[in-house]
Amino acid sequence: MTTEVGSETEVKKDSEQLGPDKAKDNPEEASETPENQKSRETPSEEAQDSSSVPAPTSQSSPSSQKKEKASPESKGISRFLPPWLKKQKSYTLAEPKDETKKRTTGEQQVVEESECQAPDRIAQPQKSLEEAAAENQHNAKADDKEEKHSVSSAETQPAKEDGKEREVEKVAKEKEEKQAEKEKRETKEVQTAEIKTESIPQKSPKKIKTVQCKVMLLDGTEYSCDLEKRAKGQVLFDKVCEHLNLLEKDYFGLLFYENSDQKNWLDSSKEIKRQIRSLPWIFAFNVKFYPPDPSQLTEDITRYFLCLQLRQDIASGRLPCSFVTHALLGSYTLQAELGDHDPEEHRSDYISEFQFAPNQTQEMEEKVAELHKTHRGLTPAQADSQFLENAKRLSMYGVDLHHAKDSEGVDIMLGVCANGLLIYKDRLRINRFAWPKILKISYKRSNFYIKVRPAELEQFESTIGFKLPNHRAAKRLWKVCVEHHTFFRLVSPEQPPKAKFLTLGSKFRYSGRTQAQTRQASNLIDRPAPYFERTSSKRVSRSLDGAPMGISDQGLLRDFPATGGQAAGDKIIDIEAAGQAKLKEGGREEDGSPVKTPQLELTQDGKSNSLRVDGENIYVRHSNLMLEDLDKTQDDLLKHQASISELKRNFMESTPEPRPNEWEKRRITPLSLQTQGKKGDHIFQVKTLPGKEKQWTAMPWIAGAKPEETNKSLEEEITSILFSKEGFRAGTGGPFAAASVGPAEGAAGEETAASAAPPPQRHATRAEGPCTGVSDADKSSHETLDIVEEKKQAEVGIEETLVVDETNKGKMQVATDAGETCKVEHLSKKDSSSLPSDSSSSSSSSESEDEEVGEYQPHHRAIEEVIREEQEEEEDMKKKEHEEKIQHVEATPEGSKLNVPVEHTQVTAEDLVQENAVTIATEEKNLSEEIKQDLGEEKEEEQLKLNGDVSHVDIDVAPQIICCSEPPVVKTEMVTISDATQRTEISTKEVPIVQTETKTITYESPQFDGSAGGNAGVLLSAQTITSESISTTTTTHITKMVKGGVSETRIEKRIVITGDADIDHDEALAQAIKEAKEQHPDMSVTRVVVHKETELAEEDEE
Amino acid sequence: CRQALRRAPGPEVDFARAEREHQLYVGVLRGKLGLQVLELPADESLPDCAFVEDAAVVCEETALVTRPGAPSRRKEVEAVKRVLESLNLNIVEMIDENATLDGGDVLFTGREFFVGLSRRTNQRGAEILADTFKDYAVSTVPVHDALHLKSFCSMAGPNLIAIGSSEAAQKALKTMQQMSDHRYDKLTVPDDAAANCIYLNIPSKGHVLLHRAPEEYPESAKVFEKLKDHMLIPIANTELDKVDGSLTCCSVLINKTSEL
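Chains as they are written, first to last, in my numbering: chain A, 4 to 1105; chain B, 861 to 1120.
Misleading hints may appear alongside valid ones.
Stated by the list, open to error - What the simulated footprint calls covered on chain A by chain B, stretch by stretch (three residues with Cβ under 8 Å from a Cβ of chain B suffice, anywhere in the stretch; the number is not a length):
id: 1; region: 319-333
id: 2; region: 424-434
What the hints assert, rightly or not - Non-contacting residues of chain A with respect to chain B, defined by C-beta distances greater than 12 Å in every case (computed):
id: 3; residue: LYS217
id: 4; residue: ASP229
id: 5; residue: TRP268
id: 6; residue: LYS273
id: 7; residue: ARG306
id: 8; residue: LEU381
id: 9; residue: ALA421
id: 10; residue: PHE535
Said to hold, decoys possible - If you want a taste of the chain A side facing chain B, the calculated C-beta under 10 Å gives, among others:
id: 11; residue: ASN262
id: 12; residue: LEU397
id: 13; residue: MET399
id: 14; residue: CYS420
id: 15; residue: ALA437
id: 16; residue: LYS454
id: 17; residue: ALA458
id: 18; residue: GLU459
id: 19; residue: GLN462
id: 20; residue: ARG537
It should be emphasised that the hints constitute simulated quantities derived from the structure, not laboratory data. Beta carbons: idealized from backbone N, C-alpha and C, even for Gly.
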């Protein structure tokens, strides 16, 4: 043992080793506790299954000795070594080295991550094929090693399995496979190993260890099921929902209580065991997100569960209401559960069996009875609906309260709800921060911070801190905020930040569906209303009144302090032994079998927390993502979604043809040679560079830009102005229909970004793009070139801004050319075959345009297969759309247009660099606009889902050509997919003729050229979020990359403003830029691209 | 009302004229709008007794009898309470000696309460109000440079807040907007005092708005006149205005059919 300890481990394997170590623990522990043995063994066995299962036992003795050595509580190395492993060691002298390494790491881990061990101990290989596949590459190295040391590999396997969640699992899988191969060679050794394992526990290996879970349901009943020990939260949650026959389940969640008032939501994406640690497997099924408008729920059964939750909330006092409301809600409850009032059956005191209020009076019961009589004829479902209609108006409906103190130590309550964060002092609301107002949410130790956008007249954001009772409370609050914000404000969940080595801080993100998604999904629910029985709420209210689960659970927990003590040493006591799960359960309750006490839990938590203390846990919310849809009523939203799903269906059904995909379509921008109208789309690209100084620089540019814009407009030509370090090229293109803004280069989120980026309105314009005659056609082609170039520029424009040396924490700014960026991204891509041309001059001059075009395309060809599939899907959809709207197709491959405004912002303290692109487009609304919007949205969503993990996606920029034929035949769009193999012709007929004027103005910061040339970067994450309100569409694309130790975050924000000529576009632009700056104070604006599309009156046509 | 409390010395109140104006006020409510008006007998020992609004907050079936911020007015509530009791409302009394609340600081929007924290109303008073009307959010709004919250604002429609143009008024409005989950329309009038109007939704008459007369505040009256959906009734309140009395001050609106 000692020798092992001494040796050092390779960094390389660290992550994997961690896993193994944990796994190693298992067997050991098993040895310690007879009962536990089974459970622990099994995992190891399973891991080895392929290789070692069939081995006879011969060397049990050594193992037993070792067991003895390692006292249960000792944290010595021995502890982490599985008994069989140890034995093996003795057996195989050849590979001490390897083992040592692992063990050492194990130790280190122990020291560092003691908290983690508990959950990790049970190594049960869960094999998800997908994950395994994904990880193959990663693990390849490890595997190789293992293969070399055949013997050792066998040993390592189990260990690896557990490690860090998915990775470990994947690794395990791979290992298993490898093991299979190795089996032949290793048989001898393997056998020995197995022997040990078996001998130790004296128990037969069981493959599946299950744990019994209890879930308290909302109707007061208890649901129990057996779960695989390492099951994730989702498994249990799905089981419960299935049991309940509940489809709209995203509003619900499972709670577990640490003590009576500390409720935690079970994260469905994580293993249950890791979350509850030593707590009993008892959960409460609860409403997690209270829908602001329950009438929008699709199914009655969903409303019923919501009602049950609210009755609980009301009866327990969590949801305060007045006497009258108590009585009214109570009467609806009676109506729903008892039906019409029956004087015969319902005597005076029938009501007292129900609990309607925390302190229910005779008077109230009388009032309830009186009101009950007035509900005659209401069906249970109707009564529930009425109940909800009244309950939802209560001011505390859906508000999740957390105790806290303000900066002055005054007791306050923080309430998290659908709309934001509410601050209460006593029962008075003293402040409110709507989600759009909050820029960032973070916690550190027991402090919880929100960074708030500056008020109207203020210049700086303020950060407001609150003190929570402890670290865990702060984290809980933070998580709840993240979840609520995501659920209610975002269209799709944000991808959790990718794990970086040594990254501090929580990576938690809400992983479920958002309200928008769940609504969309539930629109597709097609089943007869499920029958369900409304159980009497008597049980609920009486038995659960107050904090139902928590209290009882706590009681349970506290009953077993002694056992807890023992457990404490180990940190892990598995309640669930494989075959004995049930028995144990029983034991727990009655005997006080090993169960950790809550107190112990807490201490553990403390440790775990300590690790993270230094990391700032930050959730940056991009408030622009979803503009407050103040203008949209719920109904509108509903309709909107309905229409989306409808469209989606249609598209799915349509026959696929090689078609311009979404991207291409979006890239097709309306070209109008002549600019006349004043209404138009403004696209603002705002790039922000790191460095706060630069923030301010943006303004001057903007100021300068405006005059330029005007001048251009005078020319009535499309203008593009680029301000770059090189200066700016103004009016170079002269007449372009320029709307192209470079496609996001990028990597990760390229696709998403692109998809998200194009404003719906644009679609409309493009589709119906005005043609102004033959002469125009010529011009158009000409223009396209320009456009392409612009595109390029845009790409180029996307700069890397920031570099933060993580280790040093020093910040460096590195500006790279767009080309570089592209390269980086490509590198990160597996499939990327073609590298983007290096566009050295970000502010491309007009001369280089042609060339750039050429280069550009190949760059875009590289597409991941996955993405392609996506695109195809989209294409189909697009096609359909095209068919509908466009009948005439022409193919003229020349240039492609992209509108992807990019804005770079750098966030600093957090090492985040954000890119913001703001595009503001104003345009008159076309009829088609709506539809297109829908499409766009839908597509975006889909892409997001698919792309979720695919961090880098290349958007292929296909050359698109727009030909203008003479009106009334309007316009032809040629779309070519990146491959160039796919070409789609689309012609439009009978499309309303809309003449469009397009202008693009780009402002770039000078820094853009700095170059960290040729850096290969690794894309860490990319995400795109889109929000939409009636007149505004905001797309935010965030890419995080690591280049040479420097991490960079770019935020690209595009805002499309649609409106009439009345809108003051300059003001809108200024406003957008201002907002962008406000939102990301730490970043600077590096680039602003304004794209203006104007619909021209017919008279104005050439 | 001759000795009514004032915030600042000013011209004498023409009692006769005040009386006439008040008669008109009552006449409109009773005669023109068909409301049942219960008039409390004047009590000369309580110079501010005309401003009944401050003595009670009535919402739905519940009436909160306040504890006015001005000690000299505490007795006013007794008479008000008696009347409210006669209406079979659930009466809640503010007995906490640390609490003060003037009804003039309470703006009920139909969805929530805003309580102005002024010299007359304190936090504790607001808390009691929140306890009394649990269904509604109660947000506090600091009030400076004005007697009451409703000295510069009031509801002018179901979702419409009439607000004065002064800095204090605008600041308070901003606070209210931030505190609310709901988004209100606003009607900005040049004169703070004119922003205090009385909105009534009377089944047979629709939206009714009593606002200050054009002779008093011509510019503000013009703004009100733009409300096309409202039945507009200008009412002069020149005399009580001198003692900080506004339109809403003189009545407590109760949505209930009385058996009296």
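Hints, verified against the model:
1. 319-333: holds (count 6)
2. 424-434: holds (count 7)
3. LYS217: holds, 34 Å
4. ASP229: holds, 44 Å
5. TRP268: The claim stands: A:TRP268 keeps its Cβ more than 12 Å from every Cβ of chain B (closest is about 23 Å).
6. LYS273: It holds; A:LYS273 is separated from chain B by about 32 Å at its closest Cβ, greater than 12 Å.
7. ARG306: holds, 20 Å
8. LEU381: Non-interface label stands for A:LEU381: nearest chain B Cβ at 22 Å, farther than 12 Å.
9. ALA421: violated, 9 Å
10. PHE535: holds, 29 Å
11. ASN262: Hint violated; A:ASN262 Cβ to chain B Cβ min 27 Å, cut 10 Å.
12. LEU397: It holds, given that the least Cβ distance between A:LEU397 and chain B is near 6 Å, below 10 Å.
13. MET399: With a closest approach of 8 Å, the A:MET399 hint holds.
14. CYS420: holds, 8 Å
15. ALA437: holds, 8 Å
16. LYS454: violated, 16 Å
17. ALA458: holds, 8 Å
18. GLU459: holds, 8 Å
19. GLN462: violated, 17 Å
20. ARG537: Given a least distance of 25 Å, the restraint on A:ARG537 is violated.
Consistency with the previously given hints fails for numbers 9, 11, 16, 19 and 20, ordered from lowest to highest.
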